[in-house]
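Starting from the structure of chain A, add chains B and C where the hints point.
Residue numbers (our numbering), protein chains in the order written: chain A, 1 to 204; chain B, 1 to 191; chain C, 1 to 110.
Hints in this document: simulated from the structure, not taken from any laboratory.
When the alpha-carbon atoms are kept at most 25 Å apart in a straight line, the in silico DSS-like pairs for lysine-lysine are as follows: (1) B:Lys71 x C:Lys24; (2) A:Lys14 x B:Lys181; (3) B:Lys83 x B:Lys71; (4) B:Lys182 x A:Lys14.
Reference excerpt, derived from the structure (chain B facing chain A, CB under 7 Å, subset only): (5) Tyr11; (6) Thr20; (7) Trp70; (8) Glu152.
All C-beta atoms, glycine included, are put in the ideal place defined by N, C-alpha and C.
Each chain, written out:
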Amino acid sequence: MTDSGDLDALFDGKSLDGHSIDELSDYLDRGRTPADPAIDSSPGCQIALAGLARLRAMSETLVETDAAAEPARDDSWVSGILDNIELEAHAGRDIPIQHSAPAARLVITEGAVRGLIRAAGDSVGGILIGRCRLDGDVTVPGEAIGVRIDASVFFGERIPEIVARVREAIYTELLRHTELNFTSIDVTIHDVHHVRSSPEEVAE
Amino acid sequence: MKAPSERRGSYSLDDADDRTLAGRAADGDVRAFEVLVRRYGPMMRAYATRILGSSTDSDDIVQEAFIAAWKRLPTLDDGSVVKSWLMRIVSHKSIDLIRANRTHDDIDDHEPEAPDEASPEQRAVAKSREEALSAVLATLPAAQRQCWVLHEIGRYSYDDIARELDLPTSTVRGLLARARKKLILEMEDWR
Amino acid sequence: MSVDTGTMSHDLTALVQAVPGVTKVYSSAPLVLSLLNRTTDLVLRKEPTIDVVAVTESAEGLRIAVSIAVDDRTSASEACRLVHDAIAGYLELENAGRLAEIAVRVGSVG
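Chain A on its own, in the form it takes in the complex (with noise of 0.2 Å):
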């Protein structure tokens, strides 16, 4: 508890060696850099500035603590927001497929065939597929195209292994479904996901 007295001392700097709080404020802003030895040398600077940079951790975690303490929403919230979402917004470019007819344009879209990458990459296990690219020409028939995958794989993978299934697994999809021509797939784990797993497990 402080009184009041303490306080208003604070304010009208007499506490503070000459200091206001604004100042000490925006000294905090800056990460309390360049350091200043009359700030840092004041007792009475440092309590204030215990003080503010504890205010600060606390609004920092209020937004958290209020969503912690809001019921959970129901899934009509969630639906309410997926059902005004533009799905063409990714569809991205058109990739021509061939007929002989010469009034056919047909296509099937950029979008599509990086579903068709995730679906096969994740269908491996262990393994989820994140943002995907494809790189060249995609609109031009027989271009060479390459394939960049980001992913993230479960913790106790081995991870050449892993690679190579997802590959061989992207490729032969892609074969099927499209009549691209791609050259390479490069697949980059980012990420290592752990869930309860020990160290030994990885150990092998």
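For chains B and C alone, kept in the frame of chain A given last:
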């Protein structure tokens, strides 16, 4: 010891890291986007409520924020920062609403009538300092509260707040100073 | 020669839905998920009150446009060609006249 293959089926989207989910959603995976909505929706709603000072419009704001996020996700290069990116969008949407509804009164810095929840008795029984902070925040004039939340929670600079709220930086500085003073004076055990 | 584009759109929507491998038929115009689901329900109940195959007449002739989702069992390219051929066969039977374009777009697989 379990062979990794025994757990393979258990690596679901719900467990996925933010970068994986943001990447998939950017590529059009609605399921991955749904996991992000469930993971960060409540926090975004709480943040909007803190900025706006009431939960009346929070659901609409969060819905708008997610719809905008879905469109803009392909431009997010580093999916691992999707949480702070979403929080930025929700604060922008909240600020848009504040600007749209703003009357001259709101910029005036008068104290609102003290709400019941901030009475000294109730502050005294507040179970945590966070509850006390929450109660004091509720007593701040709207403009002070907005500046405080954007600065302390959203990490907006004074200039960012000034630009977003269309106020002079000196006004923002003054509002924040008064908010800070009030919070320090009212937070009983801040020292 | 003028054609009844409304009837044609109605017939083609049902026809495309019946092509093996096709799971959804939707408009090529931008749409939101709720509309897609509503459309699918109607199509699956075999009473498509929303005709999603676009049929328009232009100076160059008739233009047909549709988007589809296909299942994972058939090749997406093959299903797409089958849809085109079903539409082309219908137009020939109906004596629909000059044809400018049949546009079929696979928007989703699996």
